[in-house]
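Participant: Could you put together the complete structure from these sequences and hints?
6 protein chains.
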Amino acid sequence: MTDLVTVGESMLRLSPPDHQRLEAMDELDVHVAGAESNVAVAAQRLGLDAAWVSKLPDSPLGRRVTSALGNHGVDADVVWDDDARMGTYYVEMAGKPRGTDVIYDRADAAVTSATADELATDRIAEADAFYTSGITPALSETLLETTTDLLELAAENDTTTVFDVNYRSKLWSPAEARDTLEDLFEDIDVLVVAVRDARAVLDREGDAEAIARDLADEFDFDLTLVTRGGEGSLALHEGEAFEQGVFEAEEYDTVGTGDAFVGGFLASWLDGESVPDALEYGAATASLKRTIPGDIALVTPDEVEQVVESGEQSGISR
Amino acid sequence: MTDLVTVGESMLRLSPPDHQRLEAMDELDVHVAGAESNVAVAAQRLGLDAAWVSKLPDSPLGRRVTSALGNHGVDADVVWDDDARMGTYYVEMAGKPRGTDVIYDRADAAVTSATADELATDRIAEADAFYTSGITPALSETLLETTTDLLELAAENDTTTVFDVNYRSKLWSPAEARDTLEDLFEDIDVLVVAVRDARAVLDREGDAEAIARDLADEFDFDLTLVTRGGEGSLALHEGEAFEQGVFEAEEYDTVGTGDAFVGGFLASWLDGESVPDALEYGAATASLKRTIPGDIALVTPDEVEQVVESGEQSGISR
Amino acid sequence: MTDLVTVGESMLRLSPPDHQRLEAMDELDVHVAGAESNVAVAAQRLGLDAAWVSKLPDSPLGRRVTSALGNHGVDADVVWDDDARMGTYYVEMAGKPRGTDVIYDRADAAVTSATADELATDRIAEADAFYTSGITPALSETLLETTTDLLELAAENDTTTVFDVNYRSKLWSPAEARDTLEDLFEDIDVLVVAVRDARAVLDREGDAEAIARDLADEFDFDLTLVTRGGEGSLALHEGEAFEQGVFEAEEYDTVGTGDAFVGGFLASWLDGESVPDALEYGAATASLKRTIPGDIALVTPDEVEQVVESGEQSGISR
Amino acid sequence: MTDLVTVGESMLRLSPPDHQRLEAMDELDVHVAGAESNVAVAAQRLGLDAAWVSKLPDSPLGRRVTSALGNHGVDADVVWDDDARMGTYYVEMAGKPRGTDVIYDRADAAVTSATADELATDRIAEADAFYTSGITPALSETLLETTTDLLELAAENDTTTVFDVNYRSKLWSPAEARDTLEDLFEDIDVLVVAVRDARAVLDREGDAEAIARDLADEFDFDLTLVTRGGEGSLALHEGEAFEQGVFEAEEYDTVGTGDAFVGGFLASWLDGESVPDALEYGAATASLKRTIPGDIALVTPDEVEQVVESGEQSGISR
Amino acid sequence: MTDLVTVGESMLRLSPPDHQRLEAMDELDVHVAGAESNVAVAAQRLGLDAAWVSKLPDSPLGRRVTSALGNHGVDADVVWDDDARMGTYYVEMAGKPRGTDVIYDRADAAVTSATADELATDRIAEADAFYTSGITPALSETLLETTTDLLELAAENDTTTVFDVNYRSKLWSPAEARDTLEDLFEDIDVLVVAVRDARAVLDREGDAEAIARDLADEFDFDLTLVTRGGEGSLALHEGEAFEQGVFEAEEYDTVGTGDAFVGGFLASWLDGESVPDALEYGAATASLKRTIPGDIALVTPDEVEQVVESGEQSGISR
Amino acid sequence: MTDLVTVGESMLRLSPPDHQRLEAMDELDVHVAGAESNVAVAAQRLGLDAAWVSKLPDSPLGRRVTSALGNHGVDADVVWDDDARMGTYYVEMAGKPRGTDVIYDRADAAVTSATADELATDRIAEADAFYTSGITPALSETLLETTTDLLELAAENDTTTVFDVNYRSKLWSPAEARDTLEDLFEDIDVLVVAVRDARAVLDREGDAEAIARDLADEFDFDLTLVTRGGEGSLALHEGEAFEQGVFEAEEYDTVGTGDAFVGGFLASWLDGESVPDALEYGAATASLKRTIPGDIALVTPDEVEQVVESGEQSGISR
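Residue numbers (the working numbering), protein chains in the order written: chain Y, 1 to 318; chain F, 1 to 318; chain C, 1 to 318; chain B, 1 to 318; chain R, 1 to 318; chain P, 1 to 318.
Honestly, the hints are just simulated from the structure, not real lab data.
Check each hint, because a few of them may be wrong.
Claimed, not checked - Only pairs whose alpha carbons sit at most 30 Å apart, straight line, appear in this in silico DSSO-like list of lysine-lysine:
| hint | chain 1 | residue 1 | chain 2 | residue 2 |
| --- | --- | --- | --- | --- |
| 1 | R | Lys96 | R | Lys170 |
| 2 | Y | Lys170 | Y | Lys96 |
| 3 | C | Lys96 | C | Lys170 |
| 4 | F | Lys96 | C | Lys96 |
| 5 | P | Lys96 | C | Lys96 |
| 6 | R | Lys96 | B | Lys96 |
| 7 | Y | Lys96 | B | Lys96 |
| 8 | P | Lys96 | P | Lys170 |
| 9 | F | Lys96 | P | Lys96 |
| 10 | B | Lys96 | B | Lys170 |
| 11 | Y | Lys96 | R | Lys96 |
| 12 | F | Lys170 | F | Lys96 |
To be verified - One-sided excerpt, in silico: chain B residues whose CB lies under 7 Å from chain F:
| hint | residue |
| --- | --- |
| 13 | Ser67 |
| 14 | Asn71 |
| 15 | Gly73 |
| 16 | Gly95 |
Claimed, not checked - Stretch by stretch, here's where chain C covers chain P in the computed footprint (C-beta under 8 Å, at least three residues):
| hint | region |
| --- | --- |
| 17 | 246-255 |
| 18 | 283-292 |
| 19 | 303-311 |
The C-beta atom is built at its ideal place from N, Cα and C for all residues, glycine as well.
Facilitator: The structure is reproduced here in structure tokens:
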């Protein structure tokens, strides 16, 4: 049996090396990236039995994705599409005052036509937990239906549903996102949301705890995780709030930090650890990710535990 | 005034280095490629004043294209599109028994919506010659109309129209291509066609000369160029046939050889040289291209002339 | 159930890029290589369900190996050793008059202490076929015992045993090899041997067919495969000899060609194809391998079938 | 008509990657660099119509320079020299305590023989502004004469003359520089000078404003720009002094920052913006440059405007 | 005559570029590294006549080492071993919270069997100074004997003996190290020890000066150097203590900093400079090393002197 | 004592990787190259004690050269020049129809001012043999005088003088070369000349043997070596002619083949081997060189001997 099933898009991330600009690029580094596959990889590496369920073009480009997940032992259960294209995105990484720039080229990717009928839904029914993010329903009408169907299916089968809001302004407006997401929240057990998305998209106010309490009250989440970037995270579980700081890291590539946090948290929490311990485990995983090139948390349980033990963290506000 | 205006798509060509397979790629080399921009570059480098007219996304990816053409002094007269995507293609280069494999990802590229109204048609009206290829009308309904409009416009303004059949089986069927192209042939002065396309797409029979005579008779071309790969080329002009062999080359990257041939031919012929001299100049340009990485004939007039003088060629069948 | 289980060593192959000499190297390309893992990868990619069973150091270097096999979906069932080292080898690739030079650094690798007790022998008992090569018993006394035990176990469980002689002069002398291997032949169903090893190590005489008949008679093999490098291969099955030529290839990296042949042959033969069809499938797989960097046959069934259909081969002597 | 014409040397900048030392280099990254071509590129990218006028060897090395400027649409109007060499310089980039080390190899470069007679002086006569730097007259006796001639020509034609002192201690002594430059100041409208050069070369005292007033009084400049490295810049115009801070940047390659500042300033000021707005625009351009590899400000007007709006800056002392 | 002879192991250091993890490496950068050869290189580059005496495999891998030392003019006087292997180590460099990880693969390296009889001991007898480190006796029983023999030999010939404790926890326990090293101290003139090793291995207490006095009293060292990482170093000579701070550096690769310090100190001190001047020279050499990729202090005397003169340092506690 | 002293220029060879053209280069590979240093390296690697005597700029660029020679144990006895520049050349390697293109940038290099007075002439007086080539006197008037002085000095001290004509058309005309070289021939014992230079520069006629006899008669050489590219070489010694074929090689980088031949020949002949054996040794060294990147014969005596034994050669015309 699989502990965790994730469903979503995984893309080829194309980024010029050595701070080159896209306009002047002669080479591109290729990575495989996607919130849901990132979470599956982190969870698998940290001890869960994880599967990623999706749809890909039946081409070397599609196989590039499953090959990358195979590196980490994640079971990629994929519908192969003969015609559709592979989603990609271009990333130009830079420091201030430029910041990282992303150009998505994901329209009409194979995954956008994935229906619940064709995906390996039996795996979700049998799993401990099912994870997807707000990116998935934003990608196409079909995927919105699919997301709805899969969350219902999970709920019916007592599979814990975990959902990361992951708002992407290049995919939809805050208003569209709010309307769609709040409909989905009904079938969600664990919500993950960045404090800035809670404010700008979900229209919540107050500090992280206030927001968590507000959301939990309204949608009856079992567990509400609010992330606050460099200021750590907060979990609300059975009425009790737990805060977690950020472990210090020399940053090399910060893309994928949030997914590493969720993957680490789930690896610990689904393994039976307490919410505060799982939060700390997720924060340690996230700090390691920031030192590693690519979107993936290429870490081991030993390394995460060493970070937890080392205890160097900042950002706990109380 | 511009000597030669070309209209068509230019893409990012993404190819893994060092014989890596796409399925295992970690890096991609980036080149800019497109039949019409390749022809413009070769012609400009060899002495013409050339412009490339097209439509591109208003992004670093689109500017990557104009930047590449600027290297060679080609004037890129471009409509910038705020939304549409950049066309790309992946190339895996290999020898026997694999051969070179191409995956196009060009659907919905910015250029597919380019209309004659928005493009810089005044440049065509004022130019000596206008060049496009059979790829352009195959890309979208809009581009088929645009191609028709531009050929008419050129004809009305006594701009010589040059058209390379350039059949691409991944874009349309032979039957579709034949029907469409034969409608366009009416406004075409100079036809370039590979002998295998003449047979498989245009349904012609016989050797290169028979095919050239057949096409010239039916469509009343001023000049008909039939290319035969490693066996050279043939020109039919005012009833007289001229054959041209292939200059020997150590092949490093053969993509773009046909465009180099056309660009070299036009640079010489539009400069007033005779058809057989222009054929030889085109063949020499093509042989140099095969030694150069990327799609573009990065050559100088001196180099082409040295090849012509060296005279080492094969493939003349008479 | 697993179709094919292979047991043996897999190493890090370190080779300087761009024809650099080891003495002057500034960089090394890293690949994962080993006869038994190569065969498992080729077989898995071509349709079998393959597992590789071995022992590795519990370190990033050991995980580099399982990660590489995971790319291709091979199930690596590994005993992790806390102390022992990772085997490596250095390769300097060059053409005539140098040829490829190999420096092994595999003494005391983790695998050399692997016993049948600790390895996942149940997988062999349940598999259709078990493959190892003459490299395995040559690596250590322990591995010789383990090889003997595993072949017996397979025989007892009606798992087809496939053995490639794969003589390595840097590991043992011809006399040592012959004595050891002939003891093992008793439990072997399918023998693969290069004609030069049959002569120099196994002391056989005559052409490939004579050698195959001689070996089959003495050791009662169900199937005897004799490979002849550029001159193709020969199979002897139920008294009938089948010859197979070599498909032409532009060679880029020839290391691993023999393993690709065996992997391709087994993928076809264990899937129920006839011996001559499987031979042809193996030969096509081997020709593709020669165009690909690294030791692994990074191919698809479609590609192998296209080579088979293209039919360009040489070296059939009848 | 061209808005801005610059005249000066452009060189090949050769720098070992990855912090390698020149003594141990195996590779060199190649960029094209020169104060005057850098200013032309920045100005062209930011909206002006800019030309660079110079002399280059008629070789692939010379064409490497015009090709690089063509990337950005700068019109390179060049005299081609059949014999003379290409100027180069080697750069070793390092942090404290080493700092960046430069080895010039520019003696006898083609440009050192460039006379006003052979250069495209008509372009200067017709332009809005003409820019050169103190490097140009320091390179050769001939170029000193040429600089004098061109400044006079510009003055006669009401072309605004912009001059950056840009003192290079490897080219001449402070005393030589002062004598020569002060003779040139007569025909200069806009002077740019680093505060340290104003002190060490031009023998001025006091703070930036005092220096600006002193120079403007003596030489009757319309506009005097004093740059102060990390502490920002000051402009004196019609008796009024304007200060500008530095926008914060994560530095990747600081070479060319000063040229980016001047290019940005001119793009804004020649387009009709006020002096303080142009100063801010130049400072924003300079901050972006520091994040980009190579000497060139590979930026867009949008990016510069975003930096201006973001407003994060330091170093304003009042 | 040679000024300084060092004896010890030199290895191939294999490290993945660009922050890649070993588990995911596709390439490895190759450097040559070893405390004793690092010290010899630094000393030779800074003016001494230095030789490195050791044993290497007679292979391209062994020659890779002597070739690297030849770059800097160090005389490598080596016993060539036909059979033994080359020691290597893998380094993964990362910032917090990971830190740099090292996997040694040096067991059974050629040097581990080196006896005093076969090494070029005459060079030690004739040299001004002999240097080795605590790594050497930790590598094998044979090398412990050899170290003992060489120190005795040096003592008998009035060659100054310099010994750096250089404790490596992956080679032996603190208790083993202490017992062994204290036996060796009898023949040592100059001891170098990190303050953390003095405490954890040699069981000393107090601050650097107290430790130096304690050790000097017990073992009668002529000179005792205690290094304190980022807090500088302290020398005790003829009862007088001298402190030295650390020159600031932008760190790029900190491996080999300690060896650079010792090499710089010896170059100055053996050349007749005072202890405090030599300390400062060593500290300056160490600061430069931190800016340079690889283990080696690729510096010149001019550069070291400029750092000394610049005087920017921190960490002097009094 | 040194067996062989060579005197001449060594340059930085800058070549774009991967068949890039110089006009489009982004990177340059750096090698150290020069006929006389190449010969010294080959000879040293093959058993002689060789020194290279020259003049270099006192800069990291000059040290790059001595560092490269140190790799191979060649003693570089160099005058360091504070001001003069480093000679470089750019190489673009390509196959037919382009061929390899070289742009020299060696005017005013430090070596061009080297006089016999400042060079380490005592080493020549004490050596067995002295080697230089026709490039040296072509570089400057000073070096012509120096060459004359050194050949006289060698003659006076019974040092065998070896001279390779090595005509370079970019340095002087055939007539200039002939006049100058024939004056030098008086003091030369061993002449090496390519058959095409003997014809085009020295005005000789007939086949290799006729040419050798003609030159030996006129200038009284002890040994005359005539090289014929792909057709092998011929030696005339004491009236007897010896022919040598070419050992087959897969060519990767042919630059430096002639120097490898001379270095191999001298290593054997100065070690006492017969002329025909030394010829064969030189031919084997040259064939290995062609498989190796860079100008230098990075080979071992074992490898050369294996090629000699393998005996695969072509081009012996008798």
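Participant: Quickly compare the C-alpha distance for lysine 96(R) and lysine 170(R) to 30 Å and report which way the hint goes.
Facilitator: holds, 21 Å
Participant: Between lysine 96(Y) and lysine 96(R), is the straight-line Cα distance small enough, at 30 Å or below?
Facilitator: holds, 21 Å
Participant: Can the restraint linking lysine 170(Y) and lysine 96(Y) be considered satisfied, given a maximum Cα separation of 30 Å?
Facilitator: holds, 21 Å
Participant: Does lysine 170(P) lie within 30 Å of lysine 96(P) when you go C-alpha to C-alpha?
Facilitator: holds, 21 Å
Participant: Hint validation: glycine 95(B) versus chain F, beta carbon distance must be below 7 Å. Holds or violated?
Facilitator: violated, 28 Å
Participant: Given the hint that lysine 96(P) pairs with lysine 96(C), does the C-alpha gap stay at or below 30 Å?
Facilitator: Satisfied, since the Cα-Cα distance of roughly 22 Å is no more than 30 Å.
Participant: Does the nearest C-beta of chain F fall within a distance shorter than 7 Å of the C-beta of glycine 73(B)?
Facilitator: At 6 Å from the nearest chain F Cβ, glycine 73(B) passes the 7 Å test, so the hint holds.
Participant: Taken at face value, is the distance from the CA of lysine 96(C) to the CA of lysine 96(F) at most 30 Å?
Facilitator: Holds. Lysine 96(F) to lysine 96(C) sits at ~22 Å (cutoff 30 Å).
Participant: When you check the alpha-carbon spacing of lysine 96(F) and lysine 96(P), does it fall within 30 Å?
Facilitator: Roughly 22 Å separates the two Cα atoms, so the pair holds.
Participant: Examine the region 246-255 of chain P: at least three residues should have C-beta closer than 8 Å to a C-beta of chain C.
Facilitator: holds (count 6)
Participant: Per the coverage rule (Cβ-Cβ under 8 Å, at least three residues), is the region 283-292 of chain P covered by chain C?
Facilitator: holds (count 5)
Participant: Verify the proposed pairing of lysine 96(B) with lysine 170(B), using a straight-line Cα cut of 30 Å.
Facilitator: Distance of about 21 Å is within 30 Å: holds.
Going down the numbered hints, you'll see the structure goes against just number 16.
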